[in-house]
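Start from the sequences, fold in the hints, and give me the full structure.
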Amino acid sequence: MRRYLGALVTVLVGAAVVVAVLVTLINTARIPKLMAASDAGTYSLDAKNLKHVTLNLQTFPQSPYEDPDWIAKNYPDGTVNGVPIPPAGDNQDWVTYWPSTTFQVPAHAVVTIRIENYDGKSTLLNDFYNKPQGTLGNTITVDGKTMSSIKSEDASHTFTIHSIPSSQQDWLYVSIPVTGVDDNAPLDPAGLMPLKPVVTEFSFVTQGPGHYIWQCFDPCGSGFDGFGGPMSTKGYMSGTIDVV
Amino acid sequence: MNEPRHLLRATIIWLVATVVGLVVAWLLGTQLVNWGTIPAVASNRATDVDQVLGLFALLSIPVFMLVVVFGGYAVFQFRSHGRPDRDGPATRGHMPTQVTWVVISIILVVFLFGYGLVFYNQIQSASASNVLVVHVNGEQWLWNYSYPQYGDNAYSTTLVLPVNRPVRFDITSTDVQHSFWIPAFAVKQDAVPGQTTHISATPTQLGTYEVRCAELCGVYHSYMETPVQVVTPDFFDSWIATLQAGESASISSPMNTLAWMARDADTRSYSAREGWAA
Amino acid sequence: MRKLVPSYFAGAILGAIGFILGSQFVVHFIGVGDEPDGINFDQQSLVIGFIGLLLGWLIGIGAFKYPFTWLLARKDPDHEEEMRLAGKDDGAIRYFRFTTDHKVVGIQYLVVTMIMLALGGLGAMLIRTELITPGAKAFPTGTYNTIVSMHGMIMILTTISFFIGPFGNFIVPIMIGARDMAFPRLNALSIALLIPGLVIFMFTPFLGLVIMNGDGGGVQTGWTIYGTIADQTGVGMTSFAAGVLLIGASSIMGAVNVVTTVMTMRTRGMTWTRLPMTVWGIFGAALLAAIGTSSFSVDLLMILLDRVYKTSFFYVAVGGDAAGAGGGSPWLSQNLFWFFGHPEVYLIVLPAFGIVIDILVVFGRKPLFGYKTAVLGIMGVVVLSFLVWAHHEFVSGWAPEIRPVYMATTEMISIPTGLIFLVALGTLWRGRLWMTTAMLFALSFIWNFLIGGITGVFLSDVPADVQLHGGMFVTAHFHYTMVGGALMGFFAAVYFWFPKMTGRMMDEKLGKIHFWGTQIGFNVAFLAMLYAGLQGMPRRVADYAPIFAGANFITSIFAYLLAASIIVFFYNVIASWVAGEKAVANPWGAKSLEWMVPTPVPLENFEEMPVVASGPYDYGEPADTKIPAAGGGSAGQAAG
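Residue numbers (the numbering used here), protein chains in the order written: chain L, 26 to 269; chain W, 288 to 565; chain R, 95 to 734.
It is possible that part of the hints are untrue.
Computed Cβ-Cβ distance ranges for the label pairs, DEER-style [said to hold, decoys possible]:
1. W:His485 with R:Thr367: 48 to 56 Å
2. L:Ala61 with R:Lys231: 19 to 27 Å
3. L:Ala61 with W:Asn321: 40 to 48 Å
4. L:Leu161 with R:Val120: 44 to 52 Å
5. L:Val269 with W:Thr483: 37 to 45 Å
Facing chain W, according to a computed beta carbon distance under 7 Å, are these residues of chain L, among others [as the list claims (entries may be wrong)]:
6. Tyr29
7. Leu150
8. Asn151
9. His187
10. Ile189
11. Pro234
12. Ile238
13. Trp239
14. Asp250
15. Ser257
If you're looking for bench data, these hints aren't it; they were derived computationally from the structure. For each residue, glycine too, the CB sits at the ideal point set by N, CA and C.
Structure follows, in structure tokens:
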């Protein structure tokens, strides 16, 4: 009898070890907090009135956790969208989308995303991505000017939404290039990033509810072909977008 | 019971099991696509591959039953309860059995090799005429496609192919190794940076299928999936024409392609639309 | 306290000091490589730190104690000193330091490989938890890829060592009538390198996951570490490569030792045709390890050079951060890897062939059916295994015209493999089968390896492989051969030789629970995985389409059962070792030499060297139908 009890206890201990490791992994994974799109009234499209929401994003050449002055200036209460800004962590020099990479937008709505890019240029590996695809009018607005493509050398990042393996939700594919800041643009006093970002704005229509992922297709990371480091890690240059 | 009776019994059980197994496999085989056990059969290559897989499955049944039946018979018939008090007979081998086994294995292997070679040659021989060339680019972590025969504007993230026309895929990668896999076509070939690999097939069934990546390529390897849509030749022609007219961006995404199709629903025949799964 | 120097305890402390010295201080004299990531440890200092760790460890466990004494005294060790190095009169501490006695090394290997099995099993549990439902809900995909790579590599390292290590070291020398291995100090060195290699390897998930805050790149390559993605992936790749290089060196040393021992140290009368099949299996595996491992080491070195010094073995330089000159070939890494990778899987399973056959003989109470056939099977696999590697590259685009050649050789290798089944069935037929736990596992090997082998033949056919490669069908196939084959053989070997190695009997009731839980859990889980593979599920994916959900759910649930059963095994091992029923010298009534020596085995194995008069399979002979009394062998091989 004692041997069966001993075996059972050992199995339970083993299960506890697995659970402990799992919990550690879940807690150390950096998944930025959910950011819901802000309401912006309605949008008239093809004689229909659709909900209109916006998302305001930045891209930084390094994580803004590193720059307390910038945080104090832009988020004096230390929170963004009501979520407290986390303390400085590792990977402070990794390029990142900010304030989050986990988004939520409504279904059958027009979503307008505005990206303020503080990062410099890195040539696209694949010219396919220098044109906006799947946006309204198939254009983007860069610093106020409407464009239907940019030069591959001017790209800094892309914002590309694509689907997860599922045949039960509507397909969603949107891709836009994010133009980079000029090489000789003036920098902030800390010398960390440019004074003025390049602003890219675009809109697209969502279909039915679903769970999608998005990523950057520009080689702005480290390692071989620039797709390592932040490009290979969730929460920096890739994330999820839920259409609810 | 003496030796020949045991052998006879086991052989009979083996024959019965083999026949039952073959019959069950044959009957189940026709249902496999309906149950989703194997992917849809949507190209000539997939038909060939499924035939090969089917033959291998049927041939493996007698082999499997041989080992399981004789082994299982021995375990049940010759077991002793607790520590045995005597040894078994001192047979160190039986040359006829050993020779027969080796000869039959060689024959089986030669047959399988020959059979595979026939299909291999059939698959390798590309059609000469009217081949559609599709340039596939694998990139971390999405596929994109272009149709070099139709000019520089003809590129897309959706793969659209006309039914019954041979396709040759020229595949490469801009970063790490990926593998271009269309399960419904039984098409798979690695995308290797710095090299262009090739594979050919002819789609034979209208519908929407998936393209997956079959080589671990990084963080979004699981998500490297795009649709492939097999449409009627007329449809394909008008789609290509729209791409060439410079409106590629409006239809190069799957969502927009579907919307475009819906807009033209009145002018398209029902059978063309039927090939699409929403 | 003095007993702790030298020992593993001192080795651990000195190893830690060595690591800190190497990575933090030495590097300032050599110069720091530039690493644009700006990570905490740059890769060069990490490698130097590992060298420091290795040196500190070896000094701490006493590996240099006698060599330097002899070097300075300029003399060869005499017999007394050899015995002291072999741990004579040292008591239990000899298991925790550099000891040359092959029995001590065998036990050290047994414990270390079981720890590695547990670590690999932890990885498997994490993988199956992620895959139990669609959606990468447990942890992100980058973390998942790292865990998959770790699980694969640790299990490969475990299965490479878990026959040659414990049983090749402890049992084989006694089985052939030798006093020790041919190179006792090399033997101690091989286990002394395995442990730091494992420690260095286990840096990987931390460098990638915890220290880097989130799934910081990690090692997203799979254990196959193809050149392009290995060059790109996170900093954990460095510790991965360094650890495996070290373990590969340990493996080559062990293999060379086994080959030399079997070839030169068989006792008088122990001809090649009287060797137990276990020896043939382990000998064949050692040949494969000795010849093939260097190819893998070269691949790892090239990856390290590409990453740290920006050479271009695999860089194709299409853009981004590739500072190398470019012109590299991704196919080079595949060929180097698989030239080792394929013989390597046979190296894992060949000892299982030999051991399972021997166990069937002992518990079937019948001679081996077809000795020469079995030898032909094992050596046929050894030769052919070097000729089949490109079947892993059927869809890689490399040299497509010669694929039929590899299809032929791969299908041919099923012939010698099939001979093993012939021998097993013939041995069982009309025996008197004693269903101990060891026998049950040996029987399960037949069923599981049959399925593994048949699915392998499916994959050997090029048209079929085009559809099945890179999917879960492949994963299920190799788990059937590695787990259902080699791991079951390992369990059988442990239950069989535990009485000889530890002087205790393992608990048979727990053994039956372990057996049935393992078989049901393993078979249902991996049959479901075969199904998912047929459906078209790719492998190494953290997230999958809903049609695969049913098969994956079943696989995960039964994998939990499998893991629980293996934990029962670990408990059985530990509890029996500590408080099991004491074993007699020959509890199974077997006839090979290792059962003719007393338990515990004396330091030099034999009082006088045995002279062998016949093979170990003399069951059922008219003069000998009574099983020898359990207290020791009267009949059998030793005639001296």
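A quick look at each hint next to the structure:
Judged by the Cβ atoms, the range 48 to 56 Å given for W:His485 and R:Thr367 holds: they are separated by roughly 52 Å. Between L:Ala61 and R:Lys231, the C-beta spacing of about 20 Å keeps the proposed range 19 to 27 Å intact. For the pair L:Ala61 and W:Asn321, the beta carbons lie near 42 Å from each other, so the given range of 40 to 48 Å is met. Distance hint check: the CB atoms of L:Leu161 and R:Val120 are about 60 Å apart, inconsistent with the given range 44 to 52 Å.
Judged by the Cβ atoms, the range 37 to 45 Å given for L:Val269 and W:Thr483 holds: they are separated by roughly 42 Å. Of the supplied interface hints, the one on L:Tyr29 is violated, with its beta-carbon coming no nearer than about 22 Å to a beta-carbon of chain W, more than 7 Å. Checking L:Leu150 against chain W by beta carbon gives a least distance of about 5 Å; that is within 7 Å, so the hint holds. Below 7 Å, beta-carbon pairs count as interface contacts, and L:Asn151 has one with chain W at about 5 Å; its hint therefore holds.
The restraint placing L:His187 at the interface with chain W holds, with a minimum CB-CB distance near 6 Å, inside the 7 Å limit. Look at L:Ile189: its Cβ gets to within about 5 Å of chain W, closer than 7 Å, so that hint holds up. Taking 7 Å as the C-beta cut-off, the interface hint given for L:Pro234 is violated, the closest approach to chain W being about 14 Å. Contact between L:Ile238 and chain W, as hinted, is supported at the beta carbon level, the nearest pair being about 5 Å apart and thus within 7 Å.
A least Cβ separation of about 10 Å between L:Trp239 and chain W goes past the 7 Å threshold, and the interface hint is therefore violated. Contact between L:Asp250 and chain W, as hinted, is supported at the beta carbon level, the nearest pair being about 4 Å apart and thus within 7 Å. With its C-beta approaching chain W no nearer than about 5 Å, L:Ser257 sits inside the 7 Å limit, and its interface hint holds.
When held up to the earlier numbered hints, the structure conflicts with 4, 6, 11, 13 and fits the remainder.
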